[in-house]
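Asker: The primary structure of each chain is shown beneath.
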Amino acid sequence: MTTLQAPPAPARAAVPRVGAAAPTRRARSVTWSGLVWLAPALAVLAVFVYWPLLQNVFFSLLKWNIYSGEQTFVGLDNYVALAADPVFWHALTNNVWYAVISIVFQVFGALVLAAIVESVRSERWRKAFRAIYFIPSAISLTVAGLLFYFIYQPQSGLLNVLLQGVGLGQFSQAWLGHESTAVFAVIAMSQWQGFGYSVLLFSVALQRIPLEYYEAAELDGVGPVRRFFSVSLPLVREMTGLMMIVTVAGAFQVFNEVMVMTSGGPDNASQVLSTWLYHAGFVTDDFGSAAAIGVAIFVITLALAVAQLAYSRRRRVEW
Amino acid sequence: MVALARLGRGIRIVAVWTLLMALVVVVLYPLLWMVDSALKTNAELFLNPFALPSTPLWQNFVTAWRQGVGDFVLTSVSLTVLATLITELISAWAAYGLTRIRIPLNRTFTVLVLAGLMLAPTVALIPLVKMFQAMGLYDSFFGLLILYTAFRIPFTAFLMRAYMLDLPREVDEAASIDGASRRATFWRIILPMSMPIVVTTAVLNVLQNWNEYLFAMVFTSGTGVETLPVGLADMMSKNGTQYPIVFAGMVIAALPMVILFFVCQRYFVRGLAGGVGK
Chain C
127 MTTLQAPPAP
137 ARAAVPRVGA
147 AAPTRRARSV
157 TWSGLVWLAP
167 ALAVLAVFVY
177 WPLLQNVFFS
187 LLKWNIYSGE
197 QTFVGLDNYV
207 ALAADPVFWH
217 ALTNNVWYAV
227 ISIVFQVFGA
237 LVLAAIVESV
247 RSERWRKAFR
257 AIYFIPSAIS
267 LTVAGLLFYF
277 IYQPQSGLLN
287 VLLQGVGLGQ
297 FSQAWLGHES
307 TAVFAVIAMS
317 QWQGFGYSVL
327 LFSVALQRIP
337 LEYYEAAELD
347 GVGPVRRFFS
357 VSLPLVREMT
367 GLMMIVTVAG
377 AFQVFNEVMV
387 MTSGGPDNAS
397 QVLSTWLYHA
407 GFVTDDFGSA
417 AAIGVAIFVI
427 TLALAVAQLA
437 YSRRRRVEW
Chain L
769 MVALARLGRG
779 IRIVAVWTLL
789 MALVVVVLYP
799 LLWMVDSALK
809 TNAELFLNPF
819 ALPSTPLWQN
829 FVTAWRQGVG
839 DFVLTSVSLT
849 VLATLITELI
859 SAWAAYGLTR
869 IRIPLNRTFT
879 VLVLAGLMLA
889 PTVALIPLVK
899 MFQAMGLYDS
909 FFGLLILYTA
919 FRIPFTAFLM
929 RAYMLDLPRE
939 VDEAASIDGA
949 SRRATFWRII
959 LPMSMPIVVT
969 TAVLNVLQNW
979 NEYLFAMVFT
989 SGTGVETLPV
999 GLADMMSKNG
1009 TQYPIVFAGM
1019 VIAALPMVIL
1029 FFVCQRYFVR
1039 GLAGGVGK
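Going line by line, the protein sequences match chains C and L. My numbering applies: residue 127 is where the first sequence begins, and numbers increase by one. My numbering applies: residue 769 is where the second sequence begins, and numbers increase by one.
It is worth saying that the hints were derived from the structure and are not from the lab. Warning: the hint list may mix true and false statements.
[To be verified] Far from chain L, by Cβ distances over 10 angstroms, these chain C residues were calculated:
hint	residue
1	T157
2	A207
3	V222
4	S245
5	L272
6	F310
7	A395
[To be verified] If you want the ones that stay clear, here's a sample from chain C, every Cβ over 10 angstroms from chain L, calculated:
hint	residue
8	V200
9	W215
10	R250
11	P262
12	L284
13	V292
14	G293
15	E305
16	Y339
17	G407
18	V421
19	F424
[Claimed, not checked] Here chain L is said to cover these stretches of chain C; the calculated rule only asks that three of the stretch's residues, wherever they fall, bring their Cβ under 8 angstroms from a Cβ of chain L:
hint	region
20	226-233
21	323-330
22	353-363
23	378-386
24	408-419
Cβ atoms here follow ideal geometry from the backbone N, Cα and C, with glycine treated the same way.
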């Protein structure tokens, strides 16, 4: 809280000095004193973000004794154990499912949907659809997760009651209680929660395409489906690529909804990397292997971040 | 042929509207059901989840508030407001330093401030817990405040830097000719000119802080500093829970952000598009 009351004081006096060097030179000259403005950000990031990150790599090479708290250096043992841990691979597979399904719905599905929304003639309705679809993204994943926990309830949950109501009662089941359905029930909730966010972003990208392109295509007798593939799609390719990277990166960091809805159960069926990290760190108190999982997540997200950076650097489509 | 084409168009319009409206139902129904369930008795909720309550029990909201939700709201509001304010301030200083002052090794410092964008908070989780336990920050409001602030600086500074880069150079030069110090230039000129991006990032930070779950759950253990998401999840997992009370709590948690979105829609769009694209 002291940060609030301590604005960085630039080295120079606040009062203008009469006869000092030409003031315009100040803006141009290179000066270390400008670092004062960066100091708070750098200090906070160094201590609470970068240092723990480095420490995590070191931690992954240690073994903790749960009772004495004693640490011993064990080299790559934690990684070897992780590679032999079937739950780790299962969790990674679940993250991959998360990514694949999210790409289908939150990238391609959302793109098509955004194009459909933008094709509506009434401006008011376009706005309304975009806003309504976004609402679930404004409420937290925790609240959405709790809500769907109820919707998936075996006896009186909305989904099963609905299935029985339309004569599909044989499909009703404990969606979060079965190993085969749990993770997919969570992923489905996540699509519900997140698709409106992507639709909003794709709508923005589509709106940037000059109308003349569509008018020209329409004059040439090109139908709306072909207009989508021949005009819209190529011109929002950059946004699509970025959304894909962002979505995949998000899929490998997923935590909240899994924790709230299943805690990784039943029998670890719906574990993902970060919940498995949490389990290792705070349920079995195996900090070393939790740190090793952390390194795995770090490597994956770093690779995706590099991909994103490379992608953003490429020339945008010009028009 | 023309008639056929017109028919095709008609069918297409019907299909489009059916799809869009169906999705509206898919999105809104669960949310309305959440409100509906918050107004029922436990028995009503389990007997027929679809039915409307026989008499809406607004009392449930009062009960929820008294059973802890009031405390969660207090924690969440103070944490959200303070963390957002501090993040905005530290990020604005950093963005100003990076864009308007010629600092040696500018590129290196830019990378140092923005690289955090790419980090998943889980990666630093274990060392942070150890550090906070050692520093006595574990299970404290102040600890959460630090985490919320630190992990939002890269994103906020990123958007602010992009914005400040586009402000004309001449502004600073004019200020400097008039004898304004760097500090005065920041407070009187650059910061006011950057208000659109300050509001944009503030809105997104409020949303993020209000909804945050990972840190709030891992860094607290029970009473005193539970935020809304953590408190609600705890309420839910307790035995013999009156579920409508939890639903009422969920409505209390969700409503402010839905309202914020509708009031500040323009800023959301700008911030989200900027955060992904550039």
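Asker: Each hint: holds or not?
Answerer: Hints, verified against the model:
no.	hint	result
1	T157	violated, 7 angstroms
2	A207	holds, 16 angstroms
3	V222	holds, 16 angstroms
4	S245	violated, 7 angstroms
5	L272	violated, 6 angstroms
6	F310	holds, 17 angstroms
7	A395	holds, 19 angstroms
8	V200	holds, 16 angstroms
9	W215	holds, 18 angstroms
10	R250	holds, 13 angstroms
11	P262	violated, 6 angstroms
12	L284	violated, 5 angstroms
13	V292	holds, 12 angstroms
14	G293	holds, 16 angstroms
15	E305	holds, 21 angstroms
16	Y339	holds, 20 angstroms
17	G407	violated, 5 angstroms
18	V421	violated, 8 angstroms
19	F424	violated, 4 angstroms
20	226-233	violated (count 0)
21	323-330	holds (count 4)
22	353-363	violated (count 0)
23	378-386	holds (count 6)
24	408-419	holds (count 4)
When each numbered hint is compared with the structure, violations occur for hints 1, 4, 5, 11, 12, 17, 18, 19, 20, 22.
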